[in-house]
Amino acid sequence: MRTVFTTFVVVAFASLLSGLTARGADPFAGADPSWALLHEPAVVAELKLSSTQRVAYQELMDSVDLRFFPLRNKSREVVVAVVDEIMGECQQKLNTLLLPAQSKRFREILMRKLGTAALVRDDLDLQMDYTDEQLKQLKTIVDKAAAAVTALEKEASEGKPRQPLEEKFKDVKLKEQQEILALLKPAQRTKWQQAVGAPFDLSRLGQTAYRAPEIVDTKDWINSPAMKLADQRGKVVVLHFYAFGCSNCIHNYPWYREWHDKFQGKDVVLIGVHTPETAGEREAANVRSSATKEKFAFPVVIDGKSENWNAWGNSMWPSVYLIDKRGYLRHFWPGELKWQGLDGEKYMRERIEQLLTETDAKS
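Residues -24 to -1, 1 to 339 in mature numbering (1 follows the signal peptide of the UniProt record, and there is no 0) are what the sequence shown lists, from first letter to last.
Hints are computed from structural coordinates only; laboratory data are not their basis. Fair warning: this is a prediction, and the values are worked out from it, not measured in the lab. Using N, Cα and C, we set each Cβ at its ideal position, and we do this for glycine too. Accuracy of the hints is not assured; some may be wrong.
[What the hints assert, rightly or not] No farther apart than 16 Å at their CA atoms in a straight line, the calculated lysine to aspartate or glutamate pairs in the EDC-like style are these:
| id | residue 1 | residue 2 |
| --- | --- | --- |
| 1 | LYS136 | ASP119 |
| 2 | LYS301 | ASP207 |
| 3 | LYS204 | ASP193 |
| 4 | LYS115 | ASP99 |
| 5 | LYS161 | GLU234 |
| 6 | LYS271 | GLU234 |
| 7 | LYS161 | GLU129 |
| 8 | LYS167 | ASP105 |
| 9 | LYS301 | GLU190 |
| 10 | LYS314 | ASP101 |
| 11 | LYS167 | GLU234 |
| 12 | LYS211 | ASP243 |
| 13 | LYS151 | ASP119 |
| 14 | LYS204 | GLU283 |
| 15 | LYS195 | GLU283 |
| 16 | LYS167 | GLU84 |
| 17 | LYS120 | GLU84 |
| 18 | LYS50 | ASP38 |
[Claimed, not checked] Quick list of simulated restraints, FRET-style, between CB atoms:
| id | residue 1 | residue 2 | range |
| --- | --- | --- | --- |
| 19 | THR116 | ARG233 | 48 to 56 Å |
| 20 | MET203 | HIS227 | 19 to 27 Å |
| 21 | ARG43 | ALA273 | 46 to 54 Å |
| 22 | PRO137 | PRO46 | 38 to 46 Å |
| 23 | THR268 | LYS80 | 56 to 64 Å |
| 24 | ALA93 | ASP207 | 41 to 49 Å |
| 25 | PRO46 | GLN110 | 38 to 46 Å |
| 26 | ASP98 | ARG258 | 43 to 51 Å |
Could you put together the complete structure from these sequences and hints?
Quick look at the structure:
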């Protein structure tokens, strides 16, 4: 039992550590982990859905995605109320759609993804039969490790060398594991092993795909007639939100121009969404003048009433979204691409190149 448990934990935190370098952000950061797992191709494949199930599953996820996007920039109070309603409806449909064995396997993968944190979540009903003192000690152990990991993530985000952080990370998680193993009774260890089920390689995660909202046609475009994402199937779309008076946005301009030139003649479409922040930015003539001055050759939709901003639930200038050939959001970078030593330009450019190699039918 000790060997199996150790293997599980090492795989889990090796996967977590892989995210401690410059990378795209999670567009639904803060959401329950089950939300992302529902969109992971590796997880869906593990459920072994029939062809009929797969179609129904994708239709369900697509419909829920389009309800979730506008919530991204809403207050926590609004989000909590609406998300509970949406996820309740989604869960009801999944209960009908999935077979009991498939639902069980999803829960097992969720337990593995959550790792030790699952042991102290009362909403998961693991029926571990802890004593009050056990639960208190477990929470202390898990919270202490989580705080240490957060500190390491901060160091990584500051560009500190990766290898020493990896070693510290493993030390933190191994110590956490040893303390938990010493605290659990044999019967509790057995229950935990049953909860995580058969092995699943968590390093296969990180490939989420969310149905992208359609562009709202404001009837005001630069360099192009009105465009729809639905008409861009088979192409990779780079959608970026900006405001011409935003200095952080301006710092991204060279990369937008470079991408436009680099991918000219390939199946890549660059679209700017100008959403104003100041009074001067609300004047369409000023937006057009700025686009001309900055030599933008790509299409720009003037989002004067923040219709696209709100449809996407965007909350930061600038923000860059990469949409695959099927119309799914695959990568997201909020803020400057070269902010404080990060190389978002390289990261996103390489992701564009990867998406170009995919077939339209990739699932």
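Going through the hints against the structure:
For the proposed pair LYS136 and ASP119, the alpha carbon gap of about 24 Å is over 16 Å, so the pair is violated. Taking the CA atoms of LYS301 and ASP207, the gap is near 10 Å; set against the 16 Å cutoff, the hint holds. Distance check on the hinted pair: LYS204 and ASP193 sit about 8 Å apart at the alpha-carbon level, within 16 Å; holds. A threshold of 16 Å between alpha carbons decides the hint, and for LYS115 with ASP99 the separation of about 15 Å falls inside it, so the pair holds.
A C-alpha spacing of about 60 Å is found between LYS161 and GLU234, which places the hinted pair above 16 Å, so the restraint is violated. Restraint check for LYS271 and GLU234: the C-alpha separation of about 11 Å stays at or below 16 Å, so the hint holds. A threshold of 16 Å between alpha carbons decides the hint, and for LYS161 with GLU129 the separation of about 32 Å lies outside it, so the pair is violated. A hinted pair counts as satisfied when its Cα atoms are at most 16 Å apart, and LYS167 with ASP105 qualifies at roughly 10 Å.
A threshold of 16 Å between alpha carbons decides the hint, and for LYS301 with GLU190 the separation of about 14 Å falls inside it, so the pair holds. Between LYS314 and ASP101 the CA atoms are separated by roughly 44 Å; this puts the pair beyond 16 Å, and the hint is violated. Using a Cα cut-off of 16 Å, the hinted pair LYS167 and GLU234 is violated, with the two alpha carbons roughly 55 Å apart. Of the supplied pair hints, the one linking LYS211 and ASP243 holds, its CA atoms being roughly 5 Å apart against a limit of 16 Å.
A threshold of 16 Å between alpha carbons decides the hint, and for LYS151 with ASP119 the separation of about 13 Å falls inside it, so the pair holds. A C-alpha spacing of about 14 Å is found between LYS204 and GLU283, which places the hinted pair at or below 16 Å, so the restraint holds. Proposed proximity of LYS195 and GLU283 is supported: the alpha carbons are some 12 Å apart, at most 16 Å. Straight-line distance between C-alpha atoms of LYS167 and GLU84 comes to about 12 Å, which keeps the hinted pair within the 16 Å bound.
Of the supplied pair hints, the one linking LYS120 and GLU84 is violated, its CA atoms being roughly 25 Å apart against a limit of 16 Å. With a C-alpha separation of about 20 Å, the suggested pair LYS50 and ASP38 falls outside the 16 Å cut-off, and the hint is violated. Taking the beta carbon of each, THR116 and ARG233 are about 53 Å apart, inside 48 to 56 Å as hinted. In this structure, MET203 and HIS227 meet the distance hint of 19 to 27 Å, their C-beta atoms being roughly 26 Å apart.
In this structure the supplied range 46 to 54 Å is violated for ARG43 paired with ALA273, their Cβ-Cβ distance being about 35 Å. At roughly 40 Å, the beta-carbon separation of PRO137 and PRO46 lies within the given 38 to 46 Å, and the hint holds. One distance hint, 56 to 64 Å for the beta-carbon pair THR268 and LYS80, holds here, with the actual separation near 59 Å. With their beta carbons about 43 Å apart, ALA93 and ASP207 fall inside the hinted range of 41 to 49 Å.
Here the CB-CB span from PRO46 to GLN110 is close to 43 Å, well matched to the stated 38 to 46 Å. Our hint of 43 to 51 Å for ASP98 and ARG258 holds, since their Cβ atoms are close to 48 Å apart.
In this structure, the earlier hints numbered 1, 5, 7, 10, 11, 17, 18, 21 are contradicted, and the remaining ones agree with it.
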